[in-house]
Amino acid sequence: MGDLKFEEFGDIWIFLLTVPGLLFNMVLGLGKFIFISLPLTLWAFAQWLIPTLWDIPVILFKTARILFNSGYGLLKGVYNFFVTFDWSWNALNDFPSLPSHIKALLNLGGINQPFDYFAGSYGTAVKEFILPLRRSMNDLRDFIDFMPWPVFFALVLLLVFWVSRKVGVVLLALGALFFIGIFGLMDLASQTFSLMILSIVLCVAFGIPLGIFMSASDAVDRAVKPVLDIMQTMPSFVYLIPVLILFGVSPVAGLIAVVIYAMPPVVRLTNLGIRLVPFEVVEASHAFGATYFQRLFGTLIPLALPNVFAGINQTIMMALAMVVIAALVGAPGLGAEVLSAQGTVNLALGLQSGFAVALIAIVIDRSFHLYGERMQQHRKVGH
Amino acid sequence: MSGNIKVSIKNLYKIFGNNPQDALQHVLDGLGKPELLAQHNHVLGLNNINIDIPEKRVQVIMGLSGSGKSTLIRHLNRLIDPTAGVVEVDGEDVLKMDDKQMRSLRQKKMSMVFQKFALMPHRTVADNAAYGLRLQGVRAGEAKERAQKWIDRVGLTGFEKSYPSQLSGGMQQRVGLARALATDADILLMDEAFSALDPLIRTDMQDVLLELQKELNKTIIFITHDLDEALRIGDDIAILRDGGLIQQGDPQDIVLRPVDDYVSDFIMDINRGRVLKVRSIMDASGKGGAVEIDHNLALEDAMQRMKDTPANPATVTRDGKPVGALDMRTLIDAIERPAPETASGTVYR
Ligand SMILES: Nc1ncnc2c1ncn2[C@@H]1O[C@H](COP(=O)(O)OP(=O)(O)OP(=O)(O)O)[C@@H](O)[C@H]1O
Ligand SMILES: [Mg+2]
Chain A
1 MGDLKFEEFG DIWIFLLTVP GLLFNMVLGL GKFIFISLPL TLWAFAQWLI
51 PTLWDIPVIL FKTARILFNS GYGLLKGVYN FFVTFDWSWN ALNDFPSLPS
101 HIKALLNLGG INQPFDYFAG SYGTAVKEFI LPLRRSMNDL RDFIDFMPWP
151 VFFALVLLLV FWVSRKVGVV LLALGALFFI GIFGLMDLAS QTFSLMILSI
201 VLCVAFGIPL GIFMSASDAV DRAVKPVLDI MQTMPSFVYL IPVLILFGVS
251 PVAGLIAVVI YAMPPVVRLT NLGIRLVPFE VVEASHAFGA TYFQRLFGTL
301 IPLALPNVFA GINQTIMMAL AMVVIAALVG APGLGAEVLS AQGTVNLALG
351 LQSGFAVALI AIVIDRSFHL YGERMQQHRK VGH
Chain B
384 MSGNIKVSIK NLYKIFGNNP QDALQHVLDG LGKPELLAQH NHVLGLNNIN
434 IDIPEKRVQV IMGLSGSGKS TLIRHLNRLI DPTAGVVEVD GEDVLKMDDK
484 QMRSLRQKKM SMVFQKFALM PHRTVADNAA YGLRLQGVRA GEAKERAQKW
534 IDRVGLTGFE KSYPSQLSGG MQQRVGLARA LATDADILLM DEAFSALDPL
584 IRTDMQDVLL ELQKELNKTI IFITHDLDEA LRIGDDIAIL RDGGLIQQGD
634 PQDIVLRPVD DYVSDFIMDI NRGRVLKVRS IMDASGKGGA VEIDHNLALE
684 DAMQRMKDTP ANPATVTRDG KPVGALDMRT LIDAIERPAP ETASGTVYR
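So the sequence lines, in the order shown, correspond to chains A and B.
Okay, so the first sequence: first residue is 1 according to this note's numbering, each after it adds one.
Okay, so the second sequence: first residue is 384 according to this note's numbering, each after it adds one.
Derived by calculation from the structure, the hints in this document are not laboratory data.
From a predicted model like this one, the values you see are computed outputs, not experimental measurements.
Be a bit skeptical, because a hint or two may be false.
Stated by the list, open to error - Sample of chain A residues with no beta-carbon within 10 Å of chain B, all distances over it, derived: (1) Ser-217; (2) Val-281; (3) Phe-288.
To be verified - Computed Cβ-Cβ distance ranges for the label pairs, DEER-style: (4) A:Pro-235 to B:Arg-522: 26 to 36 Å; (5) B:Ser-448 to A:Val-220: 30 to 40 Å; (6) B:Asn-424 to A:Leu-67: 52 to 62 Å; (7) A:Gly-31 to B:Gly-474: 51 to 61 Å; (8) B:Asn-424 to A:Thr-291: 33 to 43 Å; (9) A:Trp-43 to B:Lys-479: 20 to 30 Å; (10) B:Glu-438 to A:Gln-376: 40 to 50 Å; (11) A:Arg-275 to B:Arg-522: 45 to 55 Å; (12) A:Val-220 to B:Asp-481: 19 to 29 Å; (13) B:Ala-579 to A:Arg-275: 20 to 30 Å; (14) B:Gly-400 to A:Asp-55: 38 to 48 Å; (15) A:Ile-111 to B:Ala-579: 44 to 54 Å; (16) B:Lys-479 to A:Ala-205: 39 to 49 Å.
Just so you know, even glycine gets a beta-carbon here, dropped at the ideal spot from N, CA and C.
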């Protein structure tokens with residue numbers, strides 16, 4: 001399928017032997033990231049943060065000066081308005097804004113410089129941070145690339161069937177694979193796939209614990225909700241900028257952008273799902289003497305699962321919606337193809353790649369929907 | 384008759400609101416539930432409750448909606464913490480327990496049956512019934528076996544693999560009962576356990592409970608707002624109003640001597656002929672005629688026996704020995720529903 005042709009190996013055994021190695025590499029990479037690189041990075045960040053905290057009085061002073069100056073500017077504007085006797089409405093056209101030198105101070109000194117400083121000083125920590133991610137992405141892509149297409153097709157169809165248990169959806173998936181294959185988009189699709197899978201794994205791995213944490217404490221709930229709101233509503237181009245500065249134009253930058261954008265639904269719906277578990281049932285678990293963890297794993301999570309799955313589904317949809325934007329910072333795959341189609345004003349190419357993304361989205365959505373319905377079986381009244 | 388005290392509640396207060404301790408002071412100064420709500424925006428849940436519950440008996444707690452029944456029963460296993468007061472179980476202060484002791488109490492000593500069943504919808508009947516045992520740390524196999532015994536006892540054999548949503552309300556509550564009994568706790572808390580069921584099924588469940596109780600001798604605290612149910616099940620009835628305990632005692636006593644209009648309203652519509660027993664209204668110093676009736680006979684049955692010779696008082700017997708007399712006039716007076724304004728209870732003395 002990919003650059004590495006199956007035939008080059010000549011022997012199916014070599015292929016089969018590579019699979020466990022790749023999987024192992026992936027798991028190892030992720031494990032190293034979570035248990036070594038992440039703590040290291042956080043440590044480096046803390047080392048940067050603590051001396052910076054000493055500067056807080058200075059920062060406060062600067063802020064005060066900025067506020068004072070802007071107040072002064074405002075007053076001066078009002079004063080001028082009266083003193084110059086320019087009583088025309090024209091004087092009110094513009095809201096008095098910060099003088100440019102103060103704005104420069106705020107932007108450079110308050111935001112850009114500290115961030116640049118952080119990015120510049122801790123580039124290595126950041127590299128360390130992204131290395132396992134990048135390796136996992138590459139490995140996953142190679143893993144898919146290595147596969148003979150019949151194996152890949154069978155794997156995808158089996159997975160779809162296992163999740164959905166509906167022949168209709170399997171046929172839909174087959175159609176989608178066929179479409180993607182026919183138009184020669186399979187390599188790009190496999191890159192998009194590996195981006196998707198990894199970003200979803202990350203969203204779920206961080207999102208569900210965060211959601212549980214929020215459900216356990218109203219204070220955390222109140223603190224995290226606005227952050228989630230901002231993550232979802234802030235135009236995604238804005239946080240592409242720091243992602244770019246930190247990670248450069250690379251697949252990993254795309255991955256991180258996708259994760260930031262797509263994580264909120266799974267967090268939200270995990271939290272909501274747990275909070276919506278009927279009070280009587282929770283009370284019963286208290287009354288029979290369950291510990292928090294017995295309640296969490298025995299009652300709360302199982303009953304929240306339909307919502308959690310709805311959250312994961314939304315997360316997947318949002319991740320797919322991000323592929324084109326992520327391509328701007330270097331995520332390869334169908335999104336990049338759509339971008340280049342736009343650059344060359346090639347409608348046909350754009351339609352093909354765009355349609356491929358849509359097909360993938362529909363298949364995943366249908367499958368997950370059915371999976372969620374199966375999870376809720378016990379709620380239906382049978383007999 | 385009354386054995387050891389199993390559960391003892393002393394000077395228990397519960398106030399819902401932002402600043403219960405301050406509100407408590409107002410209550411101690413004599414403010415009632417409506418005034419506390421109006422003037423201080425706090426809800427008086429329980430107001431100076433004192434009850435001793437003897438072991439192996441059925442203590443019924445009654446009251447209208449909002450009178451604090453659920454609040455009271457939840458203090459026993461501390462699902463709710465009191466504002467002031469003491470709750471003792473087997474002489475041990477529940478409020479002084481740490482988390483671990485508390486869990487152990489809930490796992491082993493007290494179990495609960497809920498009005499809305501509160502079954503785990505994602506677990507089968509078998510798993511629901513074994514829930515308490517699993518929390519006790521009993522291994523899955525053994526828990527299943529022990530739970531099965533109770534599933535059989537409540538008549539759900541064959542439904543082990545069903546989910547609660549596949550069962551009718553009555554059957555769901557049987558699961559609730561099996562779950563509560565399976566832990567072998569000797570105190571059973573039942574918060575309007577049968578209120579959500581149809582009348583016929585409710586009677587069924589009462590039978591199941593009475594049957595089991597005959598053999599198990601648990602201490603049961605049973606909440607209801609249905610007097611017929613209370614009279615059927617209870618060895619002792621406590622009546623709550625606005626968070627306060629207004630009357631407690633033998634069911635017969637409550638029917639014959641309601642302390643106020645609130646209680647009279649409760650007993651207004653019951654079938655007095657069936658509820659009241661001869662012993663409660665007989666003349667202990669009197670001497671009766673040839674007709675003999677047992678002291679525990681219901682009045683309507685006594686009337687049946689006496690109707691052929693209405694002019695002669697009957698002899699009341701206990702274990703075959705005469706203990707008093709009952710005349711027709713007293714009997715009819717007792718069965719007659721008191722007119723609302725004379726419902727003070729003294730009429731029958
Ligand atoms: N968490 C709470 N916060 C505020 N007020 C409460 C709370 N729980 C109960 N109350 C109030 O306490 C009073 C007693 O409530 P409780 O639920 O014990 O009544 P109940 O006798 O069980 O009534 P029902 O028959 O409707 O179940 C009510 O006035 C209720 O509004
Ligand atoms: Mg209640």
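Cross-check of the supplied hints:
no.: 1; hint: Ser-217; verdict: 18 Å, holds
no.: 2; hint: Val-281; verdict: 5 Å, violated
no.: 3; hint: Phe-288; verdict: 5 Å, violated
no.: 4; hint: A:Pro-235 to B:Arg-522: 26 to 36 Å; verdict: 56 Å, violated
no.: 5; hint: B:Ser-448 to A:Val-220: 30 to 40 Å; verdict: 36 Å, holds
no.: 6; hint: B:Asn-424 to A:Leu-67: 52 to 62 Å; verdict: 40 Å, violated
no.: 7; hint: A:Gly-31 to B:Gly-474: 51 to 61 Å; verdict: 54 Å, holds
no.: 8; hint: B:Asn-424 to A:Thr-291: 33 to 43 Å; verdict: 35 Å, holds
no.: 9; hint: A:Trp-43 to B:Lys-479: 20 to 30 Å; verdict: 44 Å, violated
no.: 10; hint: B:Glu-438 to A:Gln-376: 40 to 50 Å; verdict: 44 Å, holds
no.: 11; hint: A:Arg-275 to B:Arg-522: 45 to 55 Å; verdict: 33 Å, violated
no.: 12; hint: A:Val-220 to B:Asp-481: 19 to 29 Å; verdict: 25 Å, holds
no.: 13; hint: B:Ala-579 to A:Arg-275: 20 to 30 Å; verdict: 25 Å, holds
no.: 14; hint: B:Gly-400 to A:Asp-55: 38 to 48 Å; verdict: 46 Å, holds
no.: 15; hint: A:Ile-111 to B:Ala-579: 44 to 54 Å; verdict: 60 Å, violated
no.: 16; hint: B:Lys-479 to A:Ala-205: 39 to 49 Å; verdict: 42 Å, holds
In the structure shown, a violation is registered for the earlier hints numbered 2, 3, 4, 6, 9, 11, 15, in ascending order.
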